[in-house]
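Peer 1: Sequence:
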Amino acid sequence: MNRTGRPRGFDRDLAVEQAMHVFWAYGYEFASLAKLRAVMGGISSASFYAAFGSKEALFREALALYEARYGGCLDPLFDAALPGRAAIEQALRRAVDMQTDAAHPPGSLTAAAPTGGSPDAVAVQRAIAAIRASHHRAIRACIDRAARAGEMSPALDPAGLAAAFNGFLVGISVQARDGLDRATLHRAVSEMMRLWHAAAA
Numbered sequence: 331m332n333r334t335g336r337p338r339g340f341d342r343d344l345a346v347e348q349a350m351h352v353f354w355a356y357g358y359e360f361a362s363l364a365k366l367r368a369v370m371g372g373i374s375s376a377s378f379y380a381a382f383g384s385k386e387a388l389f390r391e392a393l394a395l396y397e398a399r400y401g402g403c404l405d406p407l408f409d410a411a412l413p414g415r416a417a418i419e420q421a422l423r424r425a426v427d428m429q430t431d432a433a434h435p436p437g438s439l440t441a442a443a444p445t446g447g448s449p450d451a452v453a454v455q456r457a458i459a460a461i462r463a464s465h466h467r468a469i470r471a472c473i474d475r476a477a478r479a480g481e482m483s484p485a486l487d488p489a490g491l492a493a494a495f496n497g498f499l500v501g502i503s504v505q506a507r508d509g510l511d512r513a514t515l516h517r518a519v520s521e522m523m524r525l526w527h528a529a530a531a
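Just remember that our numbering sits 330 ahead of the position in the sequence shown, which is counted from 1.
Possibly wrong hints are sitting among the right ones.
Label-pair distances were calculated between CB atoms; the ranges are [what the hints assert, rightly or not]: (1) Tyr-379 to His-516: 42 to 50 Å; (2) Pro-449 to Ala-479: 23 to 31 Å; (3) His-434 to Gly-480: 34 to 42 Å.
The hints are simulated quantities; they were obtained by calculation from the structure and are not laboratory data. No residue lacks a Cβ here, since even glycine has one placed at the ideal position from N, Cα and C.
Produce the entire structure from the sequences given, and follow the hints as far as they go.
Peer 2: In structure tokens form, the structure reads like this:
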């Protein structure tokens, strides 16, 4: 170990990946510096701040990695070539599969925003909220596309339906974290889509 407390051969990219899993498992507020430093091989506080600047800055890097590696499960929402209803169903099912994969913590990193009022927690809240807002807008665009294609009843409220599906998407993470199994979550998706089918009939 060098004099700053950083192990020789310190792999910064690997450290960000390890931090991503800690933030994912514990949430921003409960991912303590001790936990973060421990998964990085026990680096010193001085080395941590030298490498990342702050816990918030590290979280932003971890969030960017998460979006690049796992955010693609929601790509169907942003594919304008897909029918609106199919795009939403595909995204929900892919979210279920990703968020119940035993290879990483359950749920979604973007569904667990901090609740504290510290400046860094507020900044993290805003960063996560911006990502969730983009999902909400994409769902609304899918619903508008479905409406134009006659895939939904004119009596349905597009804004309300978008909020309902966005809430369901966030809820997948909560239930996955609580241990609900993949098969049950897929049945829940089927029921959500069945309600849409029934309303469109």
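Peer 1: Determine for every hint whether it applies to the structure shown.
Peer 2: Okay, the hints, checked on the actual structure:
1. Tyr-379 to His-516: 42 to 50 Å: With Cβ atoms ~44 Å apart, the hint holds.
2. Pro-449 to Ala-479: 23 to 31 Å: Violated: the Cβ-Cβ distance is about 46 Å, outside 23 to 31 Å.
3. His-434 to Gly-480: 34 to 42 Å: 40 Å Cβ-Cβ, so the 34 to 42 Å window holds.
This entry does not satisfy hint 2, going by the numbered hints stated previously; all others are met.
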